[in-house]
Each structure stands twice: as structure tokens, then as C-alpha cells.
Amino acid sequence: MTFFSVLFVLLQAFQKEAMYPKASAYLCALPYRRRDLVLAKYIYFLGIFLGCCLIYWIETLLFPELGNFGFSKVVPTFAGVCLLLGLYLPVQYRLGYECTKYFFLIAILGCSFLLPMLIRYLPPELLAFRFNPGLLAVLFIFSIGLLAGSMAVSIHFYKRKALI
Amino acid sequence: MKNILEVRGLNKSYRNFTLQDVSFSLPEGCITGFIGVNGAGKTTTLKTILGLTPKESGKIRFFDMDFDTEERSIKERLGIVFDSGGFYGELNLMEMKTLAASSYRSWDEAEFRRYLDRFSLNPRQKINTLSKGMRMKYALALALSHRAELLIMDEPTSGLDPLIRRQLLDILREYMERGGRGVFFSTHITSDLDRLADVLILIDRGRIVFQEEKDSLMERYRIVKGDVQDLSDAVLPLLHNLSRTAFGFTAVTDQAVSPEARPRTPEPWPLS
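Quick note, the sequences are listed as chains V and F, same order. For the first sequence, counting from 1, position 9 maps to 9 in this note's numbering; every step adds exactly one. For the second sequence, counting from 1, position 125 maps to 125 in this note's numbering; every step adds exactly one.
Bear in mind the hints are in silico, worked out from the structure with no lab data behind them.
Mimicking DSBU-like on lysine-lysine, the simulated pairs with C-alpha atoms at most 35 Å apart in a straight line are:
#, chain 1, residue 1, chain 2, residue 2
1, F, K47, V, K161
2, F, K214, F, K59
3, V, K161, F, K55
4, V, K16, F, K47
5, V, K159, V, K16
6, F, K214, F, K47
7, F, K132, V, K16
8, V, K101, F, K132
9, V, K41, F, K47
10, V, K159, F, K2
11, V, K16, F, K126
Facing chain F, from chain V, some residues (calculated, C-beta under 8 Å):
#, residue
12, K22
13, Y26
14, P31
15, R160
16, A162
17, L163
We put the CB at the ideal spot given by N, CA and C, even for glycine.
Sequences are here, hints too, so could you generate the full structure?
Now the structure itself:
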């Protein structure tokens, strides 16, 4: 749930941003560095992720039938979103939103259809797999590393982009 | 007189258009008009000197500082006005102001409020509900509220009605009187230049044609009108941009002050 909420909110934000391409040029004509603007997008993603996690956690408190919501769920979800965005954002900075929006839409729709099917055919022992704290820490560090690498590549592309 | 902007050997290529060896300078204390027909390269030049499109070669210096190495300090001292504003239309004026103001160290909130009052702008109004004239005034309020030393404006008067255009020109004149160090604005409306500009830079097909003081151009060139029968072989080489109609001809000449040329051509009319 958190996974899809984050993706939908980000998709809306990217759409809004793409509606005003001249606004990006205006901001870059101000003393902002292009690096700052890329950084802001990644920080925005982290903020949205934390917000969605908080809302879902409150829901699990109000409706216990939703199950527990702890690090064992947050970290794998974070890793999944980081993987998707970490690949998508540099491509978006390189090719623009218009060329890449279908990738994001297909990824969201594909995940929502394919994941239930996949879960049906996965062996039960894999579904019952629980991350131990050490593995969660490694997964979290890997996700942060992936995000940092993605950000560096995005900055590299955006610094050379001609703004209209 | 010191130069506040110097551009040397700027080159930039697109598939269908090239800026070729663009060089010019902006003297301090002057309003400089950057003129050319649509597609001549005005906006491309402005965007390239602001670092919005990467250049292929050339040197850009503002206030004696290299743009490549001191971009941020330079941008602190620039006021920017784009043709369409370049704002997020769904934000209101205060929200967009917060976005712009937080990039400047020397932002003057009181000055910004004064401009909003003066232009009768409602800070809670959404930007996409503003008319083109109001949007231009808002862009000016943002550009003038951080003690900018050079205003760079891309087609600020395009699409504005004559009254708003006159107000805009008055504000620019006032900005210079208050000690602004320069204004650089692109336009294709020559009447605005007539009222305001001190120096003109003409660009055509990506090349700078000339950079001259407006007054010396006005002295040197005249619009001449007359009967087609007056267009003798001796006169024709003296005329540029000749257009003929059934009622006569109109042309531009740079020989109006030459006594030899005068007897054969009708009385010169001042450039308007």
C-alpha cells in the first residue's frame, strides 16, 4: 500500500512539474544551483515516503486487522521504491518527462497486477521469509547507496541539459 | 566607462540554428536594447549567457567575474524577467515569491511588498489567473526586490497593451535613476527602444550585426520617402530596405547628412 501511494504521489508531482518547463528554467536563472534542484526532488521523495509510512502506521494502530507495520516491512518497501526511482529519475533527467512517463505508469500498473499473480505462484517458504535485523540494515544501506548513485547521475545529466 | 557584461566569441549550435561568434559588451549605467526579428537568436543568446543552455565556446563575464567559475555570486546580482514569466501557474504570488526569494541572500521583503501594493497585486492570487500585464509586473517585482545591479529581460513588452508597456518603461527608467547599474532587454518593438534605450545591439541569424549608441544611429540613418520617379541609378545605391508602392517609395539611408546625396532625394524624415 505504502509502495503504491508513494509512486502515485510522485507521479502526480512529476506531472505537475512537467506542466511548467519554463519554471525550471526560471529557477535555474536564479542563484539556485542545478544540483540543488535535483537534490530537492530526491529529498521530496524521502519526505513523501516517510509521510506515507506514518499514515499507514497510524492506520495499523486504528485497524489492527491490517497487521503490524515495522522495520521488517518499511525497509523492503523502501528498497523497492529506491530501486524503481533510482533507475527512473536519471532516465527522466536525460530524456525528459514526456518520453519516460509511460515507463512509470507501466511500472505502477504492472506491479499492481503482477505482484498478486507472482505471490500466488511463489513457494510458501519464500513468502514466509523474515528479514533479520542484520539483513535489514544491509538492505537499507544498499538502498541509500543506490539513491545516492542515482542522484549523482541525475545531477550529471541535469547540469548539461538545455532548459527551454 | 566600465562594462557590466562582456561576451566574447560565444558559439552555440542547434540542428537548424547557430549562434556564431557572438561578441558584445554592456556599458555600466546604460539601458541596452537587444533587437532582432523573431528567430534571430535573442532568446538563445540570453539563455546561453545565463547558463540555461550550455555554450560550445566563448567567454562570459559579468561585473568582471567569470560566469563559469562565479555563477552563483553573479546571479545574486542579476534580476531576471522572462517573456512568459516562467512561474508555476498553480502557486499564488506569495508561494512563488517564497520559492524565488529563498535563493537570494539580499532579498528585501519590504521592497517586494511595496511593489505588490504599487502594482495592485493580490499576494493570495494564483499566478495562472493573472493577465499578461499583471504577470509581467509580478516578474518585475521579483526581479527588483533583491537590489539587482543588472536587469536581464527577454521580450518584456511583447503582448502588452500600450498603457502597461508605458508603465513598464517608466519603472525601468526609475530603476536606472535610483542607481541601477544596467538593463539589458530583448525586443522587436522599436518604439520601446526609441523611448528608453541608450545602446542598441542588433542580432540577425545568430550573428551580431552592430552595437552602437542609439543617438548616433538616429543621427546617421533616416527614413526617406518619395516618388518612384526620383529613384535614379545614382540614388538607388544610397538606399537600404527599399519598398515601392503605387504611391511612392520608402527606404532607409545612411547618407542623409551627406550634402551630395540630398539634392537627389526627398527631404529626410526622422526615424520614428
